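Listed here are the chains, written in short residue letters.
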Amino acid sequence: MPPANQPEASVRQEPGGAVLDLRGEINGFAQEALEAAYTEAEAQDPEAILLNFEGVDYINSTGIALIVGLLARARTSKRRLLAYGLSDHYIEIFNITRLSDFMSVYPDEQSALSDASAS
Amino acid sequence: MTAPTPSGKAKQDDARRALVDLSVPSEPGNERLAMERVAEAVKELDLPAQRLERLKTAVAEATMNAMEHGNRYRPEVPVKIQVLASDADLLVRITDQGGSPVPDPDKEVPDLEAKLEGLQSPRGWGLLLIKNMVDEMHITSDAVHHTIEMVMHLEGKDDAAGQPT
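Heads up: the sequence lines are chains A and B, in that order. For the first sequence, numbering that gives the first Met the number 0 gives the first residue as 0, with consecutive numbering after it. For the second sequence, numbering that gives the first Met the number 0 gives the first residue as 0, with consecutive numbering after it.
Hints in this document: simulated from the structure, not taken from any laboratory. Source: prediction; values computed, not measured. The beta-carbon is built from N, C-alpha and C at its ideal position, and this holds for glycine as well. Hints should not be assumed to be uniformly reliable.
[As the list claims (entries may be wrong)] Have a look at the derived ranges for each label pair, beta carbon to beta carbon: (1) Glu13/A to Glu26/B: 33 to 41 Å; (2) Arg71/B to Ser116/A: 24 to 32 Å; (3) Pro47/B to Pro106/A: 17 to 25 Å; (4) His68/B to Ser118/A: 35 to 43 Å; (5) Pro106/A to Asp134/B: 27 to 35 Å; (6) His137/B to Arg97/A: 21 to 29 Å; (7) Ser22/B to Arg74/A: 41 to 49 Å; (8) Glu46/A to Ala17/B: 22 to 30 Å; (9) Asp86/B to Ser118/A: 51 to 59 Å; (10) Arg97/A to Ala142/B: 34 to 42 Å; (11) Ser86/A to Pro74/B: 26 to 34 Å.
Please construct the entire structure, taking both the sequences and the accompanying hints into account.
Structure, rendered in structure tokens:
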């Protein structure tokens, strides 16, 4: 069954870093969109890349694995990976998986960009 | 002649009523269908929002495991899902037709640092998530089937229960 809510990812550059606006479901179907958007974001060599989850309604364990892959890429290139816009439920999942130990999680874009700019 | 004595599991099931019995074809993405159907079936229990979200994640992950590892994504082999409830608890039983050994969730703990170093596959989060989303998780198997049972206690639980620190 194809995803009910097709995953999409787009990139915009902000003063504090590159923002990946994610929409739909972050699952196995999101791999291509997520990796392509991350590659596009990296092209400008930003110090930080921010994952915007405000438009995301579902993340499964395969999606978690994709985020782990992005985090590994960020660490290799000594770039910060930040996240914002997660629901309380997915913040809990980021805590359980320890993703939140390796990437800072913020409630909104303003606080994420503010921290990214200050670092 | 005495009637056969029901097994412990059968006795427990007698105390529970079935909310839904369903099956989904083993195709990528169908875990969402399972999750939504179970959420619909438990509406009458009026679970607190956070407990419902946890249940949905647990059902989705268990269904994905069943479709992928048990049924090898063969669409013609369904994953069976049974939802039962009593006053005390809610039980979701998910069964596949897997023949491979059942992983031990206590031995196969995903390690994020190892994954980031490339020492472990980035995948393998499903059982950890399920275990943290429900109050009890039991995995059983016979020659043909794997079954995961997930229990949520309904008494004395609210949104604050089980919060990670």
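Item to complete: Starting from the hint list further up, note which numbers the structure goes against and sort them upward.
Response: 2 and 8
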